[in-house]
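From first to last, the protein sequence lines are chains A and B. In case it helps, the working numbering puts the first sequence at residues 1 to 249. In case it helps, the working numbering puts the second sequence at residues 1 to 248.
Keep in mind that the hints were calculated from the coordinates and are not lab data. C-beta atoms are modelled at their ideal positions from N, C-alpha and C, and glycine is treated no differently. Treat the hints with care, since some could be wrong.
Mimicking DSS-like on lysine-lysine, the simulated pairs with C-alpha atoms at most 25 Å apart in a straight line are [said to hold, decoys possible]:
| # | chain 1 | residue 1 | chain 2 | residue 2 |
| --- | --- | --- | --- | --- |
| 1 | A | K55 | B | K240 |
| 2 | A | K171 | A | K206 |
| 3 | B | K143 | A | K55 |
Okay, the calculated beta carbon distance ranges per label pair [as the list claims (entries may be wrong)]:
| # | chain 1 | residue 1 | chain 2 | residue 2 | range |
| --- | --- | --- | --- | --- | --- |
| 4 | B | K143 | A | H64 | 27 to 33 Å |
| 5 | A | G58 | B | L88 | 54 to 60 Å |
| 6 | A | E80 | B | R2 | 54 to 60 Å |
| 7 | B | K3 | A | R180 | 46 to 52 Å |
| 8 | A | Y128 | B | A5 | 52 to 58 Å |
| 9 | B | S155 | A | Y128 | 26 to 32 Å |
| 10 | A | Y128 | B | Y4 | 47 to 53 Å |
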Amino acid sequence: MQPAITVSRLEKKFGKHDIFSDISFDAKEGDVVAIFGPNGCGKSTILNILSGIVKSDGGQFNIHGSDFSRFSYIFQNYRESLLPWRTNYENLTFPLELRGWKKQERMKRIGEIVKIFGISINMKLYPYEMSGGQQQMLAFARALVNNPRILFMDEPFSALDYETNIILRQKLQNYCIRFRPTTIIITHDIEEAVHLANKVIILSKKPAKIIDTILNPATYPRSIDFLKTDVFHKIKDKVLTAFQEGADL
Amino acid sequence: MRKYAVTGPIILFALWFTVSLSGIVSSFFLPDPISTMRILTGLIAGGIIIPDTFATLGRVAIAFLVSLIIGLPAGLVLGSSSKIYESLEFVIDFFRSIPATAMFPLFLLLFGINDNSKIAVAAFASVLIVIFNTAYGVRHSKKSRAFAAKLMGASRIQIFRMVYFWESLPQTFVGIRTAVSLSLVIIIVTEMFIGTTTGLGRLIIDFQYTYNIPAMYAIILLTGAIGYLINLIFILAERKFVHWTGKF
Numbered sequence: 001m002q003p004a005i006t007v008s009r010l011e012k013k014f015g016k017h018d019i020f021s022d023i024s025f026d027a028k029e030g031d032v033v034a035i036f037g038p039n040g041c042g043k044s045t046i047l048n049i050l051s052g053i054v055k056s057d058g059g060q061f062n063i064h065g066s067d068f069s070r071f072s073y074i075f076q077n078y079r080e081s082l083l084p085w086r087t088n089y090e091n092l093t094f095p096l097e098l099r100g101w102k103k104q105e106r107m108k109r110i111g112e113i114v115k116i117f118g119i120s121i122n123m124k125l126y127p128y129e130m131s132g133g134q135q136q137m138l139a140f141a142r143a144l145v146n147n148p149r150i151l152f153m154d155e156p157f158s159a160l161d162y163e164t165n166i167i168l169r170q171k172l173q174n175y176c177i178r179f180r181p182t183t184i185i186i187t188h189d190i191e192e193a194v195h196l197a198n199k200v201i202i203l204s205k206k207p208a209k210i211i212d213t214i215l216n217p218a219t220y221p222r223s224i225d226f227l228k229t230d231v232f233h234k235i236k237d238k239v240l241t242a243f244q245e246g247a248d249l
Numbered sequence: 001m002r003k004y005a006v007t008g009p010i011i012l013f014a015l016w017f018t019v020s021l022s023g024i025v026s027s028f029f030l031p032d033p034i035s036t037m038r039i040l041t042g043l044i045a046g047g048i049i050i051p052d053t054f055a056t057l058g059r060v061a062i063a064f065l066v067s068l069i070i071g072l073p074a075g076l077v078l079g080s081s082s083k084i085y086e087s088l089e090f091v092i093d094f095f096r097s098i099p100a101t102a103m104f105p106l107f108l109l110l111f112g113i114n115d116n117s118k119i120a121v122a123a124f125a126s127v128l129i130v131i132f133n134t135a136y137g138v139r140h141s142k143k144s145r146a147f148a149a150k151l152m153g154a155s156r157i158q159i160f161r162m163v164y165f166w167e168s169l170p171q172t173f174v175g176i177r178t179a180v181s182l183s184l185v186i187i188i189v190t191e192m193f194i195g196t197t198t199g200l201g202r203l204i205i206d207f208q209y210t211y212n213i214p215a216m217y218a219i220i221l222l223t224g225a226i227g228y229l230i231n232l233i234f235i236l237a238e239r240k241f242v243h244w245t246g247k248f
């Protein structure tokens, strides 16, 4: 199968110093790839380069057959991507409005996404009237409303309590099973990376390089019980070993 | 209403009352607050000052509307383009630094001794305030929402209309409130010194010329009350339209 995303020898500098270099990987359609590494190793910068926000200083990447209408990005700071002057419902419809969807079509699509994602938030409220977990849920749902073929997530669970974190992971898996978007998740949490990804890329500290790429063949959905299995712990240990090597621990 | 909101006005009136009764200042120059209020209610009840009040408010409204119509779009354009902002920053700061009163003679030459010159001076000062604050609001808005919209496929115009406009609104409202207060101040001043037969500024100066000092104080109080009420209306509008400020 042709990869949906190919990244080849990607490089980024800050002044004369390398942030990262020689970053190469690919993701097939429907893959969930986690990029895991220490703080400051440029994980978010990789996503920002792939999404066109930041320019690289070398290397190439290709996102095959994708356009912005089928692409979504969930930012680490979800609060700063939600629009506080719009109600929750209007936030959800925002990506559809940008593409000129009619009111009836928008209502229908929001109904579908609420059902698929199991959102239980008051659509008439404004984002600032909700808890952090509900805001994150809204940001998630908004990212999926256009049924993206490419989904980027930058530490999407970092601000959440463990329970909400687990709930969102389950919902994301259900969505991925059904719609198979090619997904890249940036995370600093090994459990999250191994729980969700079928490929974990481990970066070293700055100047970052890929230390190892570890595959996780376990099939979706991976329930909370999966986190207690030997398979999970073996993969997690491999990731941790690679991380130790790269972080000089 | 907030618990201590009336404390300041009570202290002010008590101080005024004490000073006027103590005789430190002649009652001719500073009548006591009760007789001043009595004169004010008499002027309002008699309907004498109603046409003047409406004349002043009408001029303020036109000057303010002109400043919004020109200032809002200009501020949005200016704020969204670094090149345009850098090109015009000096010009705006320069004109903003000129006291509006210094422009009276020029506007008299341009518009003549009539309402147009008064409105033009007030609009000139207010429009610069609206432009500056709106542009500042756009320039200093968080870029993350614009980025998010861009990644969702928003065009430049959509980002401008659906993100930057709203992001700048809290700062724009600061400009709007300052502009309307400034319009009132300048209109009152121009009514005093540029020939007119109506307006609260004209009344203040007429009462001063005729040594009707209590009535002069009454009109000053009235203009203060009008300024306060206008500001209050805009604060309430701000709470409604910029409901997310300080909450997100």
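Hint check results:
Straight-line distance between C-alpha atoms of K55(A) and K240(B) comes to about 41 Å, which puts the hinted pair past the 25 Å bound. For the hint pairing K171(A) with K206(A), the CA-to-CA distance comes to about 33 Å; that exceeds 25 Å, so the pair is violated. Of the supplied pair hints, the one linking K143(B) and K55(A) holds, its CA atoms being roughly 17 Å apart against a limit of 25 Å. At roughly 29 Å, the beta carbons of K143(B) and H64(A) sit within the given window of 27 to 33 Å.
The beta-carbon spacing between G58(A) and L88(B), approximately 39 Å, falls outside the hinted interval of 54 to 60 Å. Checked against the given bound of 54 to 60 Å, the beta carbons of E80(A) and R2(B), roughly 32 Å apart, lie outside it. Distance hint check for K3(B) and R180(A): the Cβ-Cβ separation is about 60 Å, which falls outside the suggested range of 46 to 52 Å. For Y128(A) and A5(B), the Cβ-Cβ distance of about 26 Å falls outside the hinted range of 52 to 58 Å, so the restraint is violated.
Distance hint for S155(B) and Y128(A): a CB-CB separation of about 27 Å, consistent with the stated range 26 to 32 Å. Distance hint check: the CB atoms of Y128(A) and Y4(B) are about 28 Å apart, inconsistent with the given range 47 to 53 Å.
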